[in-house]
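*Asks:* Please model the entire structure based on the sequences and the hints provided.
Residue 13 in the UniProt record's numbering sits at position 13 of the sequence shown; the count goes up by one each step and never skips.
Bear in mind the hints are in silico, worked out from the structure with no lab data behind them.
These numbers come from a predicted model, not from an experiment.
The reader is advised that the hints may include incorrect statements.
Below, computed lysine to aspartate or glutamate pairings styled on EDC-like, alpha-carbon distance capped at 16 Å [said to hold, decoys possible]:
| no. | residue 1 | residue 2 |
| --- | --- | --- |
| 1 | 303 | 317 |
| 2 | 316 | 356 |
| 3 | 258 | 294 |
| 4 | 102 | 75 |
| 5 | 150 | 168 |
| 6 | 85 | 44 |
| 7 | 263 | 311 |
| 8 | 150 | 229 |
| 9 | 258 | 211 |
| 10 | 188 | 159 |
| 11 | 303 | 371 |
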Amino acid sequence: TATNVERASRGRQVPWVSSSLTGKDFCFTPCSKPTFVPQQPPVDVSRLLRMCERHYKANRLTTGRGGTALACYEEVLKKDPMNEKALAGLEKIEARYISWIKRALDSGQTERAKRYLASLRKVNPESPQLAELEIKAEELLKPSSFNIVKVNNVREFLEAIAPNTTIELKKGIYNISHAIDVKNKYIKWENPYDGYQPIIGPVENLTIKAENGTKILIEPRYAFVMSFENSRNILIQNVILGHTVGGTCDGGVLRFSKSDDIKIEKSILFGSGTEGLVLEEVNNFEFRNSTIRDCTDDLMTIKDSKNVLFENCTLKDTGQFDLINISSSSGVTFSRCLIKNNWNDSEYSPYLFSIDSISSNISLENSIIRDNRTRKFLNNQNKLRLLNNQFIGNAFD
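*Replies:* Now the structure itself:
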């Protein structure tokens, strides 16, 4: 019988018997039992993919607080190596960096292009367009591409604005409103209400410096004298900027948006502009040995910015609302500044410093704050670090 054969062969032979009664298989060697491979349940990465998409839409591609799209999609692929949405997400990141690099190179923003190239290498070091884009960036970095232009009038000044350029202004008055017909691919003309203002950018490595007493002016009351967008490494030196008319205006003097590495030196920003300075999404800003004065609403607005320094500057003779406004920003320092003779009489805007709860690392040090007729000094005592300052004759003292 099958049992006897198995016993006699000491388990080496197990006969197969076609019998519905035994149901045994026949083997000349010991029969191995079928291996049971447990099926892994499918990994649910849908929630993670939604997070990846949020990072992507917010442009947190390879850097950013709270995670990045690249790291997120890579985490999905660890859990599900062939996930089509994650693979497509990496391709979208690569494509976005390529478009940014091309746009930066076309506008002469070589340093920004280099940063994007480094990120592209991180996303896909085998990207087919990487080598070509790197060569183009190196070509633009050659010293021969840097220009020094000396100008004598406002038309020459506006025509000279370009990346990798130093513009030297001869002493005089440069009224931007007299040259709004200038065509320059780095200047866009906008009419906020009562006349045109120049929106400059994207430009990189631009210096504007002038002989003593040189003024850059604009006529419309609702216009900024100059606005810069998507620009980097801008220096404005030894220039007086403001509006031509007295009285109340609704435009400011200088505005920088989505820009990095900005320096203002030995310059004066004067009213009747509503405010001297607006920073929006600006990283690394310096305002040295310069003055903001006689503005009709406030001294400045700093929003979504970081690493901002005011050093040895004067902020004076301005009213009528909260005067120094800081929101969603970090690393803002006022050092060795004179803040004097500013005022407000508004019940709703009574502060010299107005700092929101999100901002951090804001400091005022080695400065003189005197003769300010504001109702209150600061809206949030925990948001401004004070070090070695003098308070003299202020209404809030």
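*Asks:* Indicate, hint by hint, whether the structure satisfies it.
*Replies:* Now for the hints, and whether the structure bears them out:
no. : hint         : verdict
1   : 303 with 317 : 23 Å, violated
2   : 316 with 356 : 23 Å, violated
3   : 258 with 294 : 27 Å, violated
4   : 102 with 75  : 29 Å, violated
5   : 150 with 168 : 5 Å, holds
6   : 85 with 44   : 13 Å, holds
7   : 263 with 311 : 11 Å, holds
8   : 150 with 229 : 24 Å, violated
9   : 258 with 211 : 29 Å, violated
10  : 188 with 159 : 12 Å, holds
11  : 303 with 371 : 27 Å, violated
Of the hints listed earlier, those the structure fails to meet are numbers 1, 2, 3, 4, 8, 9, 11, in rising order.
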